[in-house]
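Chain L is fixed; fit chain H onto it per the hints.
Single-letter residue listing:
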Amino acid sequence: GAGVSQSPSNKVTEKGKDVELRCDPISGHTALYWYRQSLGQGLEFLIYFQGNSAPDKSGLPSDRFSAERTGGSVSTLTIQRTQQEDSAVYLCASSASGTSGIDEQFFGPGTRLTVL
Amino acid sequence: AQSVTQLDSQVPVFEEAPVELRCNYSSSVSVYLFWYVQYPNQGLQLLLKYLSGSTLVKGINGFEAEFNKSQTSFHLRKPSVHISDTAEYFCAVSGSNDYKLSFGAGTTVTVRA
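Residue numbers (our numbering), protein chains in the order written: chain L, 8 to 123; chain H, 8 to 120.
Mixed in with the good hints, there may be bad ones.
[To be verified] Okay, the calculated beta carbon distance ranges per label pair: (1) R71(L) to S61(H): 43 to 49 Å; (2) T77(L) to Q49(H): 22 to 28 Å; (3) T62(H) to E111(L): 33 to 39 Å; (4) V19(L) to Q17(H): 18 to 24 Å; (5) V81(L) to P86(H): 40 to 46 Å.
By construction, these hints were calculated from the structure, which means they are not laboratory data. The C-beta atom is built at its ideal place from N, Cα and C for all residues, glycine as well.
Excised from the complex, chain L in its bound form (with noise of 0.2 Å):
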């Protein structure tokens, strides 16, 4: 079946904008998870959802990121008023359960944001 996939692959944006990330987790997936991975910073836990339960946001770095996830399948993530610092390449990765650190989380191929 298919994998976990998001779009934009790439998006080069100007500073003060605001941009929309998208993940399609895989098919029956309850739990998807939203990761950051930049120079110096490495992989950094954003955002998680699980069913119909509130979503976890502890890693967000600062109220212009937010994320919904809609249906309980696909999922937006969005930068509004983008900074230079927010470069990164945005992984979304989901897994069948999510409720235990025993779920092998299934990453997609990322989307390379670069602000200018």
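For chain H alone, kept in the frame of chain L given last:
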């Protein structure tokens, strides 16, 4: 909270030579340990994982890792590398009550002929 330290940022190695990538973790609770590989311009792919049981874990592509609780380590090894193993490797940890993965900084392996 868990944290992961990958002791080598770059590992150059010749084809058919062995390689070891070092990973140490810190945690006050039971952990689950993972190694992921990221090939150029691709997402992360799981190589292997330790959840419980045997401390020697075998993964895909001939990789294996050994969980050492007393040394809080989870080093990755391959006895003979190929050019195609050139990639970035990430060690990660999660906990029984923590679904989030905490990653190390990554180790770039470059295999030369």
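Hint-by-hint comparison with the structure:
no., hint, verdict
1, R71(L) to S61(H): 43 to 49 Å, "holds, 46 Å"
2, T77(L) to Q49(H): 22 to 28 Å, "holds, 27 Å"
3, T62(H) to E111(L): 33 to 39 Å, "violated, 19 Å"
4, V19(L) to Q17(H): 18 to 24 Å, "violated, 29 Å"
5, V81(L) to P86(H): 40 to 46 Å, "holds, 43 Å"
In terms of the numbered hints stated before, the structure departs from hints 3 and 4, listed from lowest to highest.
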